[in-house]
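Just so you know, the protein sequences line up as chains L and S, in that order.
Note that this note's numbering numbers the first sequence so that position 207 is 207, with each residue one more than the last.
Note that this note's numbering numbers the second sequence so that position 123 is 123, with each residue one more than the last.
A portion of the hints provided could be inaccurate.
Stated by the list, open to error - Among chain S residues calculated to face chain L with C-beta under 10 Å, some are:
id	residue
1	T89
2	L92
3	R93
4	S108
5	A109
6	R113
7	H114
8	G116
9	V121
10	A123
11	E127
12	A185
13	V307
Unchecked claim - Partial selection, computed: residues in chain L whose CB lies under 8 Å from chain S:
id	residue
14	P15
15	Y23
16	L24
17	L27
18	A50
19	L52
20	G179
21	N180
22	L182
23	W183
24	S186
25	R187
26	P188
27	L189
It is worth saying that the hints were derived from the structure and are not from the lab.
The C-beta atom is built at its ideal place from N, Cα and C for all residues, glycine as well.
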Amino acid sequence: MPVAPPPPQRSVVAPSAVRAWCYLVWLCWVRQARMRQMVWIALGLLALTAALIGLNTLGGRWDMGHWRWPWPPKPNPPTLTFEEHLERLAAERKAMPLVPEGGKLEPAERGDRAYYVTPLPPQAALQDGLLNSLRATLNESGFMVFSRWAIFAVFVSFLLPIFSLSFATDAVGGEREGGNLLWLLSRPLPRPAIYFAKFVALLPWSLGLNLAGFGALCLAAGRPGPMAFRLFWPAVFWGTLAFSALFLLLGAYFRRPAVVGLVYAFFLETVFGNLPGYMKRVSISFYVRCMMFDAAGDFGVQPEKPSIYLPVEGDTALWVLLGVTTGLLVLGMWVFSRKEYVEAT
Amino acid sequence: MQTSEKPTDGVQAMPPVPAAPVNGVAGRPLPPITAPKTAAEPVLLFEHVSKWYGPVIGVNQVTLELRPGITGLVGANGAGKSTLLRLATGHLRPDLGRVTVRGRPAWSAAAKRHVGYCPEVDAFYEEMSGRQFVLTLARLFGYSRSEAEDRTEEALRAVGMMDRSDKRLRGYSKGMRQRIKVAQALVHDPELLVLDEPLSGVDPVGRQEFLELFRKLAARGKCLLISSHELEELEKLTDHVTIMARGRIAAVGEVLQIRERLDSHPMSIRVDIDEAAGGLGRRQLAGLLLRLPDVVGVELGEDEELVVRARNPRQFFEEFTRLVLEENLEVRHLEALDDSAGAVLTYLLGGRG
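Bound-form chain L, shown alone:
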């Protein structure tokens, strides 16, 4: 082995803590790119959900045209679907005489074309109004159905927490399990700064997966998708931040953060989030939904029973999500700065 040379003369350039922190952010961001089991699970769930949504789209199942009223459908006489109602109304309208009894066609000119006009009989006018409103409702019902069933019930309740968990629990928890946390804890960086760097590095991945995943589902939904994405992406954004802060904290505190996170996602978010009354307000997804209800209120997307659901205003929900994100982040920094990771050293 060559003899260890004396240290070379070098200019004294003090190492920079800011530079170290920025490099840590970059390092954590790059290391998050390594695919892990939870990420594969999340992508698999995304693919499955997108496939199911796509099948519904192909089958034209998003609007209410195939719904029947009353439910359950009566076999005899057979209950018609809304689409069948519409067709029947259209057939009835077509069968109505154009010129009422005792009326006559009046010639008129518009440009180089000749028209015959006649005041519509009241019955025909009513039928036209009914047809148009029913047709408009059915045309726009896809957005409501897609929002209620795919976004609220599946994405917000289930996929959003899972997607956030897949990256966030691994940011600190993965380093602990791999025994690599000691390298970071041996550097002259304050522990809260290390934790904050982990959060900042995690966000592009969490946000990317959630927003891109949400976009993919909206794309698969066909016609109602673009409107859904345009209205709901801010709620997804803020919900992702809150969930990421939560699962990062779980990773800092628990040895098996993925397990704890899954229990949280399946129990607290899914069960509590759908309880009547005020219990649901402990779940992050409640506030995400409230933001969505507020954004899409003009399009008929509301809780089924607002008096039981008790939603909050969209602005209030946003502030709560911001507060939750900040609070969990500060709490995580405190926990990380105090905790002794004996197993990791």
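Position chain S relative to chain L; hints supplied.
Below, chain S without anything else, positioned relative to chain L:
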């Protein structure tokens, strides 16, 4: 190099230190080995440090100063060596007392700038090459890219990995991984190097290279704290050792001095024989033991327990062995009741504890 248990000039805040470490069971302290005082601030200072893991005590009232030079840290499994090292590197906080590096709490980020840690745990960013790994850890100190690259090359040259560090870490042998660990500990030129089993897995040639490296670092004024099971290797490196037993410092100082003190300090040894097998009763054995020149006393307890107090333990054990063979005794149990002395003796006799 000074290793001292006593407060030195300049460490004014340090309370009075017991003259000698107190052992765990018998309560008889080993005679102190005093070291000359110096005015320089210690690099690493433990002041009445205790650390618990729940109900289990890891380190118990440890007071220790380290200055530039090499100090070996030895002790049986569970003696508290790893806990001591983790306290020194700021991975654990003491429950009582304080640990400081150049006057700064070891837990703080500022103190870690002065500390290079080579852990025993074998964990890396496996997807990186050795060079990338050391470079990454150098960048995490806040060096610019060019500075970090220069330092990385120096560190790799020092550990003999210049031409082998471009492969991925997952393909490295144990010895190569150990070299990379030492390299990352050196990359920022720290004042204090804490090395936990640095020779583990390293081939004999590599060991000599490391020993030479450590001597050079000590000659440059670095303070090295090296934990090892290999007392023989440590003795090649340094005369100064700290021996731990059951969370306490059993002995601190030069190995030669420790040996001499141990020889002159009576040690309590419990002896249990099978009377039926040997034909010799305990009382008769007690009489024979009293005739040995190094035995200063024999106690026969109510439950027929035989406790011998003897000087020169190594000499005593040789004579005792001869006695056992002559009288055809069947010894069921032989135990040093003095934890500290027992631990020291174990290591001085070359045992691993």
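Verification of the supplied hints:
| no. | hint | verdict |
| --- | --- | --- |
| 1 | T89 | holds (6 Å) |
| 2 | L92 | holds (5 Å) |
| 3 | R93 | holds (7 Å) |
| 4 | S108 | holds (8 Å) |
| 5 | A109 | holds (5 Å) |
| 6 | R113 | holds (4 Å) |
| 7 | H114 | holds (9 Å) |
| 8 | G116 | holds (8 Å) |
| 9 | V121 | holds (5 Å) |
| 10 | A123 | holds (3 Å) |
| 11 | E127 | holds (7 Å) |
| 12 | A185 | holds (9 Å) |
| 13 | V307 | violated (38 Å) |
| 14 | P15 | holds (3 Å) |
| 15 | Y23 | holds (5 Å) |
| 16 | L24 | holds (6 Å) |
| 17 | L27 | holds (6 Å) |
| 18 | A50 | violated (30 Å) |
| 19 | L52 | violated (35 Å) |
| 20 | G179 | holds (3 Å) |
| 21 | N180 | holds (5 Å) |
| 22 | L182 | holds (6 Å) |
| 23 | W183 | holds (6 Å) |
| 24 | S186 | holds (5 Å) |
| 25 | R187 | holds (4 Å) |
| 26 | P188 | holds (4 Å) |
| 27 | L189 | holds (6 Å) |
Checked against the numbered hints above, the structure breaks hints 13, 18, 19 and satisfies the rest.
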